[in-house]
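Visitor: Heads up: the sequence lines are chains F, U and D, in that order. Heads up: the first sequence begins at 80 in our numbering, then just goes up one per residue. Heads up: the second sequence begins at 938 in our numbering, then just goes up one per residue. Heads up: the third sequence begins at 237 in our numbering, then just goes up one per residue.
In case anyone wonders, no lab produced these hints; they're calculated from the structure. For glycine and all other residues, C-beta sits at the position ideal for the given N, C-alpha and C. Check each hint, because a few of them may be wrong.
[Claimed, not checked] Here are the simulated SDA-like cross-link-like pairs (lysine to any residue), alpha carbons at most 25 Å apart as the crow flies: (1) K274/D / P411/F; (2) K398/D / N314/F; (3) K1025/U / L965/D; (4) K1025/U / W262/D; (5) K603/D / E145/F; (6) K274/D / W262/D; (7) K916/D / P411/F.
[What the hints assert, rightly or not] Cβ-Cβ distance ranges computed for the label pairs, FRET-style: (8) A328/D / G419/F: 16 to 24 Å; (9) D450/D / G419/F: 51 to 59 Å; (10) G251/D / R1049/U: 52 to 60 Å.
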Amino acid sequence: MSKRILFRWLSAVLALGLMASACGSDRDDAAVGTTTTAAPTTTQAPDGGGGETTTTTEAAEADPCEGVTLEATEIGVSEDTIKVIIMADVDSPLAQGLFQGSVDGVMAWAEKVNADGGLACREVEVEFHDTKLTPATTVEGFLKACESALALVGTTVLFALDTSDLNTCDDQAGNPIGVPDIGYITTEVAHQCSPNSFLLSRPGAECPYEGGPRDYTAAVGAPAVLAENLGVDFNGVFIVPGDLPSTIASAVPQTAAQEEIGVTWDGVFGVSGSATQTEFGPLVTTMRDNNSNFVYNGSNDQAMLKLKREAALQDLDVDAVTWLCSLSCYTPAFIEQGGGDAEGVYVWSFFVPFEEADTNEELGTFMDNIGTDFPPAWAAGAWIDGLLFEDAVNAIVDRDGPNGVTRQAVIDELTTVTTFDAGGWWSTTDFTTTNTIGSCFMVMQVQDGEYVRVHPEERGTLDCSIDAVAVTADPDAFALD
Amino acid sequence: MPDAVLEAIDIDVRFGGLQALSSAGVTADAGTITGLIGPNGAGKTTLFNVITGHQHANAGDVRLLGRSVAKYGVHRRAQLGLSRTFQKLEAFNSLSARDNVLVAAEMHSGVRAAARQSDEILERVGLAEVADITVGTLPTGTARLVELARALAARPRALLLDEASSGLTEEETAAVGSLLKQLVDEDGLAVLLVEHDMSFVMNTCSHIHVLDFGQIIAVGSADEIQNDPAVRSAYLGTGS
Amino acid sequence: MTFGRIRTSLLVAFGAALASLVILYWRYGADTEVSGEKIVIASVIGLATGSLYALSATGLVVVYTTTGMFNFAHGGIGVFCAFVYWEIVENADGLGLPPGLGLAVVVLLVAPLLGILIDLILMRRLRTAPLVVQLMVTVGLMVFLLTLANQIWQADQIRGVKPLIDRAEGFNIGISRVPYYRFANLVIAGVIAVFLRILLFRTRTGVAMRAVVDNRELTSLTGARPGLLSGFAWALGSSMAALAGILVAPDIEFNPANLNSLMLIVAISAAAFGQVRSLPLTVVGGLVIGLLESHYQQWISLGPDFTFANRAIAPIVLFLVVLALPQARLSVGRVSTNLRPIERTTRVWEGAFGAVALVVLAYVLAKGWFHFGVWDPGEWSSTGLNKGTSAMVLALIGLSLVPLTGWAGQVNFAPLAFAGFGAFLWLRLGLWFGLPDTGGTGNLVWLPLIGLLCAPLGALVAVFAARLSGLYLALSSLAFALIMANVVFPHPQVLPRVHTFQSLYLDVGFARQDFDTRFSFFMLLIVMFALGMFALIVLRRSRFGRRWVAMQDSQAAAATVGVNVVWTKVVVYATSASMAGMAGVFWATSLSSVDIRSFDLLAGLTIVLLMAAAGMSFPVAGLFLSFQVVFEGLAERLEQTENVEFLVWLLKDFFAKFGPGLLAIGMVVNQRGAIFEMGKGFAPILPWRRDAREELAAENARKRVTEVGGLGLTEPFTSEAIIALDTQLGIVDDVTPTAGYHHGVSRA
């Protein structure tokens, strides 16, 4: 008798869980499984290749799609579709919904491309593979791409430990050349050094790398400019994201490079993403002992708020300190959660911010299509990945026609890109080596709950005058206080 | 005089302020069945626990075949020939009756010998029919027999039985009694049993020790104990 | 155990901790000079975090002393209630209640209801269950609640909880500023401890609750109502969890995983400090851990090799406490009474047959030779093989738990620790052959050596574990897992930061077989599993199997037949460690590189969880670990078909997420594991299992007999009723009623 009652209760519980899943999964509907976007109704000339901004889509030359019989020239390229896969860590209990923005970015980009007439005369089809912050599921994504896609676009994964499949799987002709991977970020050495990966926001770092000291390049324009404007030398504290060895290692180039330009580190602290505010106490103590006037945050936005709050609680003069945060502080949550504590914090970016959508065509198109006023930074990154891919494919079509699109061609094309800047929106990036990094930047400050540009003064521009700094450091010997 | 197989000498056990045993001692000779009786709370199980090594004594000695085993742990004493059953049935409930006995037999014999010995013992104790039954599903009486069979399979020189008749019917108790007599006569085993069933004790035991409030108040044959006034007042209170 | 001895032990432990801190500072001290100011600051911080730990731990102890169950879901309840609080107070689109009211609603209404619900549905049925089952169900509940919270409150927005007293208000101690809300946490922790102590020791209800844990039947004789009391106990425990969750939330990043990990591990350590029953000591424990952490952070810097050592502080405290303090009298779970009359261990030939069948079946399926009708999956793609590989690797690790936890009853939450050790040895083996230290060897000829070398680690653990049992044993394995994961494995001498495990091959000199394709690696794993399964089946039928099960059934009795319990534990731990170590080689190879993430506690717990739900004593249970992968694979196959979106979603999203949690909760019903239940139904079909058919027939016969009616009080006791009664009592079998039947006369 009691077993029956138990089963009744269990099914009630199941139903509750079902409902919760159903309600919670609404936003996934567009992303789960394959998405096909609207077919183009007219054929138009595709954009010219390269990174220039074209304001018109007039068919200045003969339409490359006219009169050509389209063939299935590659895995992921059929007669009428080009398939790409977006791999992102989204659904994991550790950080639910983490990089959903990347998925949205690529989807939006694909929609735009298809509305404009498609790519290489074909429709772009996007499949989303959720890598769930798990190495095995990430490998699965690579395998899926090997089996069915032309390229990976918008890859935003943190656990790409094994890229052997990405780099060596067979293409349609049977050559083990792998799949082109046009992605956004990574913290894994394997991914950084993967020859098929073209990552927008990778650290500039030496490849191959087996351990020990490593050559890096880092962009340090923002602290340089701020120090110069204030006419002081910075000494202060660096907040390192301390959860994983890979996230800790990601702070190595910045700490070393900033030292090169004259910053003195009173303390380099590793703090966990789940740290309580009280755990920032030792940082405040160090700041007080050394009269620090600078804080650089390489961790997430909450870390910045926690430190600033703890400092205020401990009666430190927060106004005497320059608070500089990486792009992670450029998010609505920073303002909302931060309130008064976010005021005065500097945030530096390597792309033109969303507030200036009117100054840049690509940015404007993105903001029109992304469906929200303040998307996460990686949504923009993923969209720009799409642009990079689009440019490469268009260059191939210009040269070899729409049937020349193969994985090899895409890889070859991307490896020649030396100055990609997404029409002026992105920091100019050179993809010919892994150990370079775009050094263009701009600086904002939170004023009255808004991100206000402070450098360079002209809207819609980036400062490219300060070169990236080359340093050598050993991540294994990187000691945290 | 028959050799003393098992001796407990001058055992003292204190729990905090409570003196559970003071100078308690008991002897079990080869080929005899010795009884240990006393009212509830007298300390019988405690004394058993001291002998087998489950309980640490504050003073006194335990000797097996003349040799002191006080320093040894439970399993070592068992290996030297000391076996016991428990007041609260401690059979291996997930195992079959045969497996229960095998566990003990395998401690000292190889695969085939152990299997042979186990089957013999099961036969002897009358458990051949339930050899493959899971002990946890057997009725209490049968399970106690399994426990006994297991204790025998360890090839003991001295066997301690703690309330072996508890939960058994009259028939079963009688069967155990005659089995014990058989074992003692045939194998020269020394048996020491704690019991509440007086008729069983008087019928089976040649020697009886009486324990009350942690002290031995009488030792003797069945008749002597039955007529001892100290024993009577211990059980029934003063008077009568 | 006298209070005096406890006090001494604690003082010794505390002194040891202090001494080690000083020694570490002297050797590895950060460049900070010691100053009174800094001591004060670090102490203030330590007390602040410590009071949060104490708050979490108090609820855990309350539940344990009043229900006898160690509730791993304590954090999960706290998380869920904290999110409900956020919903009704902080959510701009929600009710927007004032914080005080919201707190009252959650702590006094929502949480108790949740607790009572949990008690009614689950916990009541677990009172007599073995400890493993109790623990696993609560772990499953934790997973379930966390997943539910993640689903309901998606991470598409950042949420925060404000403290009940404004952050800005506070006072100064020296130059250290103490906000009122943090001070309030400390005070609340103390007040609650005192309040609960009074409740549990001075009031009738409290005493009755504690009595129920000791002896339920006896307590009901005094007029107390055990059912009501246990409901009240769970309600109280949930309220404590909710209160802790809400008070902790303002200082952390507010998402389920964060909050849970805070409330779980450290709470357990603090609770152990109080032996899981003394509230004042639990509070002290929480504060001590907080202080240790803050002072470690302030004074000691062990360098990049020990970056994550601070996470090991709570587990180390747990470990020391469990070893040093005497075990309080714990309520011991009894072995399940859900036994089959004829306990039939798998025959050797059945095992061999099953192993071969598994290999053949896997080969046929993977090659795509098997299809019926429309369903023709074809040869497995790389994706499918990749999934299969992940599943089999976990299955291999799961195998190691069978002898240790399934047969010998030693609860072990650290299978990945042993697996990692094997992986580390495999990597280092390459060094001996002059290979680069980042690549490791690949020759399977050395696999048995790895097994051999892992055994001592198991033996070492056994020596520590020998005097522990039940709950303390489980907790110490948890501590061991965390210490290995945070101190040992991240060290570059153990696993270099950059390394790759080579693909495997077998080279015996005259012949060589490579396993570098996905298919061959998968088949290798299948063969390894089949061999392991067979070996375990043989082992179970040997003296070792019997001895281990005997030891679980009655450790005392086993000793009395000459079993050296400590040595037997050493052997079984060594066996388990060997198996897990060898499994670790395959595990690491499949991942190609291993780091601290791979040792995530939840991953390890999930393996234990699924094995328990399947049936830890059955070697074949390892295959159950693949269910998630199977569902995902099925879902992906179905994705191409039309109109089955719901089914796809069910398999892929719902079961994949909620599966482990629900399965574990389902253990309430299937206490011996799903395989046991399945086996009962499946065995009669097999042609050679006559015994199973006989058993089934007997059971059906018993059911066929009419229900026993009135007890002859108001009606005459008919012969049918007598027969029915006799049959129910098992005195006679399968009797057909005839008139004049007399009690006890058996039929010819």
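Visitor: Tell me, which hint numbers fail for this structure?
Guide: Hint check: 1, 2, 4, 5, 7 fail, others pass.
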